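Colleague: These are the residues of each chain, in order.
Protein chains: 2
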Amino acid sequence: MDLKGYLKERCVLVDNALEKLLPGENDLPSSIHRAMRYSVFAGGKRVRPVLMLAACEAVGGVLEDALPAACAMEMIHTYSLIHDDLPAMDDDDFRRGRPTNHKVFGEAIAILAGDALLTEAFIALGAPEYVARVGAERLVPATREIAFCAGSRGMVGGQVVDMESEGKSDIDLATVQYIHTHKTGALIKASVKSGAILGGADDAALAAMTKFGETIGLAFQIADDILDIEGTTEQIGKDAGSDQARGKATYPAVMGLAESKRRARELVEIALDALSAFGEEAEPLREIARYIVARES
Amino acid sequence: MDLKGYLKERCVLVDNALEKLLPGENDLPSSIHRAMRYSVFAGGKRVRPVLMLAACEAVGGVLEDALPAACAMEMIHTYSLIHDDLPAMDDDDFRRGRPTNHKVFGEAIAILAGDALLTEAFIALGAPEYVARVGAERLVPATREIAFCAGSRGMVGGQVVDMESEGKSDIDLATVQYIHTHKTGALIKASVKSGAILGGADDAALAAMTKFGETIGLAFQIADDILDIEGTTEQIGKDAGSDQARGKATYPAVMGLAESKRRARELVEIALDALSAFGEEAEPLREIARYIVARES
Numbered sequence: 001m002d003l004k005g006y007l008k009e010r011c012v013l014v015d016n017a018l019e020k021l022l023p024g025e026n027d028l029p030s031s032i033h034r035a036m037r038y039s040v041f042a043g044g045k046r047v048r049p050v051l052m053l054a055a056c057e058a059v060g061g062v063l064e065d066a067l068p069a070a071c072a073m074e075m076i077h078t079y080s081l082i083h084d085d086l087p088a089m090d091d092d093d094f095r096r097g098r099p100t101n102h103k104v105f106g107e108a109i110a111i112l113a114g115d116a117l118l119t120e121a122f123i124a125l126g127a128p129e130y131v132a133r134v135g136a137e138r139l140v141p142a143t144r145e146i147a148f149c150a151g152s153r154g155m156v157g158g159q160v161v162d163m164e165s166e167g168k169s170d171i172d173l174a175t176v177q178y179i180h181t182h183k184t185g186a187l188i189k190a191s192v193k194s195g196a197i198l199g200g201a202d203d204a205a206l207a208a209m210t211k212f213g214e215t216i217g218l219a220f221q222i223a224d225d226i227l228d229i230e231g232t233t234e235q236i237g238k239d240a241g242s243d244q245a246r247g248k249a250t251y252p253a254v255m256g257l258a259e260s261k262r263r264a265r266e267l268v269e270i271a272l273d274a275l276s277a278f279g280e281e282a283e284p285l286r287e288i289a290r291y292i293v294a295r296e297s
Numbered sequence: 001m002d003l004k005g006y007l008k009e010r011c012v013l014v015d016n017a018l019e020k021l022l023p024g025e026n027d028l029p030s031s032i033h034r035a036m037r038y039s040v041f042a043g044g045k046r047v048r049p050v051l052m053l054a055a056c057e058a059v060g061g062v063l064e065d066a067l068p069a070a071c072a073m074e075m076i077h078t079y080s081l082i083h084d085d086l087p088a089m090d091d092d093d094f095r096r097g098r099p100t101n102h103k104v105f106g107e108a109i110a111i112l113a114g115d116a117l118l119t120e121a122f123i124a125l126g127a128p129e130y131v132a133r134v135g136a137e138r139l140v141p142a143t144r145e146i147a148f149c150a151g152s153r154g155m156v157g158g159q160v161v162d163m164e165s166e167g168k169s170d171i172d173l174a175t176v177q178y179i180h181t182h183k184t185g186a187l188i189k190a191s192v193k194s195g196a197i198l199g200g201a202d203d204a205a206l207a208a209m210t211k212f213g214e215t216i217g218l219a220f221q222i223a224d225d226i227l228d229i230e231g232t233t234e235q236i237g238k239d240a241g242s243d244q245a246r247g248k249a250t251y252p253a254v255m256g257l258a259e260s261k262r263r264a265r266e267l268v269e270i271a272l273d274a275l276s277a278f279g280e281e282a283e284p285l286r287e288i289a290r291y292i293v294a295r296e297s
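Protein sequences, first through last, are from chains Y and L. Residues 1 to 297 (UniProt numbering) are what the first sequence spells out, left to right. Residues 1 to 297 (UniProt numbering) are what the second sequence spells out, left to right.
Among the hints, erroneous ones may be present.
One copy or two, either will do: identical chains are not told apart, so a pair holds if it fits within one copy or between any two.
[Stated by the list, open to error] Straight-line Cα separation of at most 30 angstroms, DSS-like style, residue types lysine-lysine; simulated pairs:
id, residue 1, residue 2
1, 261, 45
2, 45, 211
3, 103, 248
Quick caveat, the hints were computed from the structure, so don't treat them as lab data. Just so you know, these numbers come straight off a predicted model, no measurement behind them.
Pulled out of the complex, with its shape left as it was, chain Y reads as follows:
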């Protein structure tokens, strides 16, 4: 399949849906809505929404079953980036080559824009027409999965341990694994899993998708760590080697670059194995999984 064309098409689909779901720049108070939109439409690759849509289709659902939830997931991802970039957190001035939210709108609005995006995700997930479409028996567990993975026992927990580990010299593999499976992995797993729930997966399909989501979530972050070392500044949208400069807990720092690459490839194989019971309909998920480690080379 033409993965590039597929990803591009899905990106446009998600962007159009986000455009409709988010409050407009002229909705009052306009400053907060401008700030929310600035970061949502900052050229993200929509990895999580694309995974959610693909998982939904792989289990027999149609795109529209997962599209509002996919947008909600991107809102949550965007809020986490805005807050991570704040001076009190990673203190980043640039993200994807553009000034970070607080650099443009100030710290207070950036905090509130993150808060509002997180909240907006749950507004989108509860829209009456969406409930009418997919039914509460799918929507409520999918929403709960997303919330749980975004919270203190998921993404936020990963960010906490990441911060607390920064600059420490004695970080072990278990800690790096905790950070990766929570900070990045949790939302990726939730994307795949909630997409499958919304698409009407049975127990076996949901278990397979959960395994797939967990595994590529970790592979994705290891590949990111590798890219931070080997990628160009243009490729990664920030300075190459910034993790190392900051003393971040990464896979390569703990187990070396070669072993990290081997592990990433191995995880992709495990992820592909999890999909063995699926046919053609899971091909996009397989291609995305392969692409994750191919990025590094």
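Guided by the hints, dock chain L onto chain Y, whose structure is given.
Modeller: Structure of chain L alone, referenced to chain Y:
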């Protein structure tokens, strides 16, 4: 009725439920869970949860129908206080006589504790046993109401305009009213309205409760403004006159103290009128409404 005893009893009920719903201090990462609990259990009066429970009972529901949602509402209220107190926002060192969250745990953890509490609210609202109890046909619209009122067109929007108005000398009544109905009023309205939805209100009862919630939401904030001027530091848990010192947009600043008091009393009358079709079962709501303005004297 013995309002004080009633409020105290309800407070204990909500505190016990919050205790069970929130991750424990020993759940990893413990720093974030300590920070979340520090602010949730900081002696708040649980006004919003109490209103939600009372609204649920007034329309014929039972306590348990609204209790998890009431806890979710308190988590959202607490997150908003943590973020409002941050250096980039109101920069407050004390809240209810105790050091603010960021003073104890640092800014990064305070931001994340707020994020996690907001997220935890939606985890609580989607708990499988809660869905099983009240049914998705009540839970989904109640959740959506809470999310909408907490977001950029509700509470966050009110905070944005409040910040943008600070120190300006030419604030008009419409702006103060916008701030009050959004920053404080939205969550109070959502508490009453979602409590009524969860209790199984029919259309007429829901409309009456919505009117009641909107009106006492505004009355509550006007009474707060008055208390800031007339109350003792002990009564309000922060320095008296701090709104004025900060050039905050308040009712007394725009229309004077006497007219503000008259307006607060008038709003309580309107709120009580909205409940005229209810009998004994709405007595707690009536007593709470009366108490709101009585606080000022």
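Colleague: Kindly indicate which numbered hints from before are broken by the structure, ordering the numbers from low to high.
Modeller: none
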